[in-house]
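Asks: Quick mapping for you: the protein sequence lines, in order, are chains A and B. Per the working numbering, the first sequence starts with residue 1, numbered consecutively. Per the working numbering, the second sequence starts with residue 1, numbered consecutively.
Please keep in mind that the hints were generated in silico from the structure rather than gathered at the bench. You may find that some hints are simply not true.
Just a sample of chain B residues kept apart from chain A, beta carbon distances all over 10 Å, derived [what the hints assert, rightly or not]:
no., residue
1, Asn40
2, Thr45
3, Asn48
4, Ser50
5, Trp55
6, Asp66
7, Phe67
8, His99
9, Ile102
10, Thr110
11, Gln119
12, Ser137
13, Ala142
14, Glu143
15, Ser148
16, Ala151
Taking lysine to any residue and the SDA-like style, the derived pairs with C-alpha atoms no more than 25 Å apart in a straight line are [as the list claims (entries may be wrong)]:
no., chain 1, residue 1, chain 2, residue 2
17, A, Lys40, B, Ser70
18, B, Lys38, A, Ser59
19, B, Lys136, B, Gln119
20, B, Lys53, A, Asn34
Ranges between beta-carbon positions, derived for each pair [unchecked claim]:
no., chain 1, residue 1, chain 2, residue 2, range
21, B, Ser137, A, Met57, 12 to 22 Å
22, A, Ser70, B, His62, 20 to 30 Å
23, A, Glu23, B, Asn146, 23 to 33 Å
24, B, Glu105, A, Ile50, 53 to 63 Å
25, A, Leu53, B, Asn118, 36 to 46 Å
26, A, Leu54, B, Glu149, 28 to 38 Å
27, B, Asn4, A, Leu53, 51 to 61 Å
28, B, Leu13, A, Ser59, 52 to 62 Å
29, B, Gln96, A, Phe52, 40 to 50 Å
30, A, Phe52, B, Phe3, 54 to 64 Å
31, B, Lys72, A, Ser59, 35 to 45 Å
32, A, Phe13, B, Gly42, 49 to 59 Å
Glycine included, each C-beta is placed from N, C-alpha and C at the ideal position.
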Amino acid sequence: MENSLFGEKKEIFEFLYDIKKVEPDKNLYFKILNKVNKQKIIPLFWVKSIAFLLIIMISIEFYFLSRQTSQTKADISNLFYKINTITYYE
Amino acid sequence: MTFNDIYTEYGKLIFNLALQYVHNVEDAEEITQDVFVKVNEGLSTFRNNSSIKTWIYRITIHQSLDFIKSRKNRKRSFISSFWNHKDKDFKYLHTQFNHPGIELEQKEATEAIFKAINQLSPRQKTVIILLKIEGKSQNESAELMNMSEKALESLFQRAKKNLEKLLNYSKG
């Protein structure tokens with residue numbers, strides 16, 4: 001049974017043949033240029049994320065450096081202590 | 001070829017092809033913008049293995065299918081997060097059928113056909129759009145879809161059969 005919506009047309013595709021090509025809006029080109037230019041700018045989210053990561057990395061670096069310095073100081077004082085002991089027994 | 005030349009030459013083609021997928025001016029404009037962003041990114045690396053027209057056609061087809069897919073996903077996730085709400089709450093999510101290339105007296109029938117086309121697989125949808133709306137030859141469509149003419153013909157026959165089934169349509 002033929003679907004009444006399609007009337008006398010024999011083929012479904014006859015409706016599709018009748019579709020006309022349309023002109024896009026005149027402002028479309030400027031919208032495209034805007035979007036293309038926006039792509040060239042790095043989104044603020046990424047800038048913030050990278051800055052945050054850098055701060056974290058620098059903080060970790062400082063933490064390890066300060067730990068290393070205090071450990072070196074302890075090593076030196078140990079050394080002096082040992083030398084003193086040796087001197088005492090001599 | 002400059003960016004402006006490409007727009008002058010292919011802008012209308014891209015917009016109209018996108019329009020056949022989404023049947024809505026706003027969505028077709030969005031797809032056209034995204035296609036040109038991709039064209040701009042790829043223009044410097046574009047090699048003349050295929051013609052620029054074929055390249056642009058392929059980008060538009062992929063972009064249109066991606067757009068539909070992402071819209072479906074967005075709709076699904078939104079609906080699942082509010083699953084206990086009634087359907088009427090989501091009516092604003094429905095994209096309005098707004099195809100300026102269709103004459104008013106044929107709008108109802110064509111809208112029904114497009115609704116059925118939307119239920120087909122992406123490849124079946126594409127083959128119908130290329131052959132029956134864009135008026136491409138089998139050879140051109142096969143090249144665009146990267147398949148043999150024989151495979152394209154069988155894909156089209158399957159699409160036609162499914163479409164007729166969906167529309168409950170038989171020749172009078």
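Asks: Hints first: check each against the structure and report whether it holds.
Replies: Status of the hints after comparison with the structure:
Under the 10 Å C-beta cut-off, the non-interface status given to asparagine 40 (chain B) relative to chain A is violated; the minimum distance is some 5 Å. Residue placement check: threonine 45 (chain B) keeps its beta carbon more than 10 Å from all beta carbons of chain A (closest about 16 Å). In this structure asparagine 48 (chain B) is separated from chain A by more than 10 Å, as the shortest Cβ-Cβ distance comes to about 23 Å. The Cβ of serine 50 (chain B) sits about 23 Å from the closest Cβ of chain A, beyond the 10 Å cut-off, so the non-interface label holds.
Non-interface call for tryptophan 55 (chain B) relative to chain A: holds, since the shortest CB-CB distance, roughly 17 Å, exceeds 10 Å. Residue-level check passed: aspartate 66 (chain B) sits 16 Å from the nearest beta carbon of chain A, beyond 10 Å. Listed as a non-interface residue, phenylalanine 67 (chain B) keeps its Cβ farther than 10 Å from every Cβ of chain A; the least gap is roughly 14 Å. Remark: the non-interface label on histidine 99 (chain B) conflicts with the geometry, its nearest Cβ contact in chain A lying 7 Å away (cut-off 10 Å).
With a least CB separation of 6 Å from chain A, isoleucine 102 (chain B) falls inside the 10 Å interface cut-off, contrary to its annotation. Against chain A, the non-interface label of threonine 110 (chain B) is violated: not every CB pair exceeds 10 Å, the least being about 5 Å. Non-interface status of glutamine 119 (chain B) relative to chain A is upheld: no Cβ of that chain comes within 10 Å, the nearest being about 14 Å off. For serine 137 (chain B), the condition that its CB be more than 10 Å from all CB atoms of chain A holds, with the nearest at approximately 15 Å.
Look at alanine 142 (chain B): its CB is around 18 Å from the nearest CB on chain A, clear of 10 Å, so calling it non-interface holds up. For glutamate 143 (chain B), the requirement that its beta carbon stay farther than 10 Å from each beta carbon of chain A is met, with the minimum near 21 Å. At the 10 Å boundary, the C-beta of serine 148 (chain B) stays outside the reach of chain A, the nearest C-beta of that chain being 22 Å off. With 10 Å as the threshold on Cβ separation, the claim that alanine 151 (chain B) sits away from chain A holds: the shortest Cβ distance comes to roughly 20 Å.
Our distance criterion of 25 Å between C-alpha atoms is met by lysine 40 (chain A) and serine 70 (chain B), whose separation comes to about 23 Å. Between lysine 38 (chain B) and serine 59 (chain A), the direct Cα distance comes to roughly 39 Å. Violation of the 25 Å bound is thereby established for this hinted pair. At roughly 22 Å between alpha-carbon atoms, lysine 136 (chain B) and glutamine 119 (chain B) fall within 25 Å of each other, so this suggested pair holds. Under the criterion of a C-alpha separation no larger than 25 Å, the hint pairing lysine 53 (chain B) with asparagine 34 (chain A) is consistent with the structure, at around 23 Å.
As the Cβ distance of serine 137 (chain B) to methionine 57 (chain A) is approximately 59 Å, the hint placing it in 12 to 22 Å is violated. Separation of serine 70 (chain A) from histidine 62 (chain B) is about 59 Å and departs from the stated range, judged on CB atoms against 20 to 30 Å. Distance hint check: the CB atoms of glutamate 23 (chain A) and asparagine 146 (chain B) are about 30 Å apart, consistent with the given range 23 to 33 Å. In this structure the supplied range 53 to 63 Å holds for glutamate 105 (chain B) paired with isoleucine 50 (chain A), their Cβ-Cβ distance being about 58 Å.
Take leucine 53 (chain A) and asparagine 118 (chain B): their Cβ atoms lie about 44 Å apart, and the range 36 to 46 Å holds. At roughly 56 Å, the beta-carbon separation of leucine 54 (chain A) and glutamate 149 (chain B) lies outside the given 28 to 38 Å, and the hint is violated. Between asparagine 4 (chain B) and leucine 53 (chain A) the beta carbon distance is about 39 Å. The supplied range of 51 to 61 Å is therefore violated. Look at leucine 13 (chain B) against serine 59 (chain A): about 54 Å separates their beta carbons, and that is inside 52 to 62 Å.
The hinted range of 40 to 50 Å is satisfied by glutamine 96 (chain B) and phenylalanine 52 (chain A), whose Cβ atoms lie roughly 42 Å apart. Our hint of 54 to 64 Å for phenylalanine 52 (chain A) and phenylalanine 3 (chain B) is violated, since their Cβ atoms are close to 35 Å apart. For the pair lysine 72 (chain B) and serine 59 (chain A), the supplied restraint of 35 to 45 Å holds, since their beta-carbon distance comes to about 44 Å. At about 33 Å, the CB distance of phenylalanine 13 (chain A) to glycine 42 (chain B) disagrees with the hint of 49 to 59 Å.
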